[in-house]
Amino acid sequence: MKRSLFLLAVLGALLPAAAWCQPPALLAIWGSTGDRPGQFIHPTGLALDPSGDLYVADLVNHRIQVLTSSGAFVTQWGSTGLDPWSITGPQGIATDFYGHLFIAEWMVHVPELQTGLQVFTTNGVYIANWGTSSYVPAPGVFNSPFGVAVGPDGHVYVTDTGLARIQVFTNDGTYLTQWSVKGGDVAVDGSNNVFVATGGGVWKFSTSGTPLTSWGSAGTGPGQFNSPCGVAVDATGNVYVADTENNRVQVFTGDGAFVTAWGSYGSEPGQLYRPMGIAVGSDGRVFVADTYNNRIQVFGSLPVPTKSTSWGRIKALYR
Numbered sequence: 001m002k003r004s005l006f007l008l009a010v011l012g013a014l015l016p017a018a019a020w021c022q023p024p025a026l027l028a029i030w031g032s033t034g035d036r037p038g039q040f041i042h043p044t045g046l047a048l049d050p051s052g053d054l055y056v057a058d059l060v061n062h063r064i065q066v067l068t069s070s071g072a073f074v075t076q077w078g079s080t081g082l083d084p085w086s087i088t089g090p091q092g093i094a095t096d097f098y099g100h101l102f103i104a105e106w107m108v109h110v111p112e113l114q115t116g117l118q119v120f121t122t123n124g125v126y127i128a129n130w131g132t133s134s135y136v137p138a139p140g141v142f143n144s145p146f147g148v149a150v151g152p153d154g155h156v157y158v159t160d161t162g163l164a165r166i167q168v169f170t171n172d173g174t175y176l177t178q179w180s181v182k183g184g185d186v187a188v189d190g191s192n193n194v195f196v197a198t199g200g201g202v203w204k205f206s207t208s209g210t211p212l213t214s215w216g217s218a219g220t221g222p223g224q225f226n227s228p229c230g231v232a233v234d235a236t237g238n239v240y241v242a243d244t245e246n247n248r249v250q251v252f253t254g255d256g257a258f259v260t261a262w263g264s265y266g267s268e269p270g271q272l273y274r275p276m277g278i279a280v281g282s283d284g285r286v287f288v289a290d291t292y293n294n295r296i297q298v299f300g301s302l303p304v305p306t307k308s309t310s311w312g313r314i315k316a317l318y319r
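Residue numbers (my numbering): 1 to 319.
Hints listed in this document are in silico derivations from the structure and should not be mistaken for laboratory results. Given the structure is predicted, the values throughout are model-derived calculations rather than measurements. Possibly wrong hints are sitting among the right ones.
[Said to hold, decoys possible] Ranges between beta-carbon positions, derived for each pair:
#1 L27 - F73: 36 to 42 Å
#2 L27 - T236: 17 to 23 Å
#3 S69 - G34: 21 to 27 Å
#4 S267 - G237: 17 to 23 Å
Glycine is no exception: its CB is placed at the ideal position from the N, C-alpha and C atoms.
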């Protein structure tokens with residue numbers, strides 16, 4: 001009993017006050033290992049378009065796959081190579097309301113590959129490539145771009161991991177600004193707040209790059225992280241984090257208060273193995289790129305939150 005009360009006190013001290021809720025239910029599992037349509041080898045970034053179609057960065061297959069909101073295969077495109085429209089190392093992806101798909105090419109340093117941010121239509125027609133690979137932090141060049149997000153104002157945010165910064169562009173590629181942060185994925189909420197998954201947690205910035213708050217530390221407890229790679233925001237402002245090396249998803253309010261978490265290491269339904277990408281639909285469904293299990297798992301919307309929780313639930317969060 002004393003240990004239970006002690007851990008409850010620790011939780012109260014470490015986490016901002018918030019209404020906790022149970023994890024959402026698992027609804028579906030899409031895909032298997034392979035290179036055929038609807039199969040994946042290390043899916044990473046996820047993005048949804050306004051119609052609800054899901055775009056998947058199929059990393060090792062060097063392609064983008066598109067699935068309907070029910071998981072049916074629609075189309076695919078991409079191959080590795082030296083052409084600007086080749087898709088060699090797709091990581092973060094994002095769509096906008098103009099039918100564009102933005103692809104961050106990660107860990108590709110060969111200048112001939114014209115690596116940077118690629119822009120396609122959402123049916124796979126190549127439009128442009130922004131930037132080239134460079135170790136010099138000049139505006140508009142990249143070194144291992146990882147995450148990309150589009151804000152309500154249409155601005156495109158790219159985490160440039162090798163140069164420890166975020167760069168911001170208009171949707172036609174015009175450079176606007178940058179600020180320093182060494183992060184992975186990036187997401188933008190309806191108020192143009194920018195959330196960045198970093199090695200030890202989450203940073204929240206204004207659209208101009210002013211730090212607003214941050215949360216998280218290294219560890220396995222609620223609000224702690226181990227190399228989180230994915231971040232997404234739902235319509236109500238909740239922040240979803242793919243806590244990659246902890247093999248789970250964590251959810252917070254926009255100010256960092258813990259809401260819920262789910263997942264553990266494994267390949268059974270609902271278990272995760274190094275999840276890297278995450279997206280949330282307008283209906284609240286949560287799509288998780290279960291990267292090393294080579295599949296997409298789909299979860300329901302968050303249940304109604306409650307302040308109460310069981311001791312078994314608290315212990316489970318610390319496993």
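Do the hints match the structure? See the list:
1. L27 - F73: 36 to 42 Å: Given range 36 to 42 Å: violated, Cβ gap about 18 Å.
2. L27 - T236: 17 to 23 Å: holds, 19 Å
3. S69 - G34: 21 to 27 Å: holds, 22 Å
4. S267 - G237: 17 to 23 Å: violated, 33 Å
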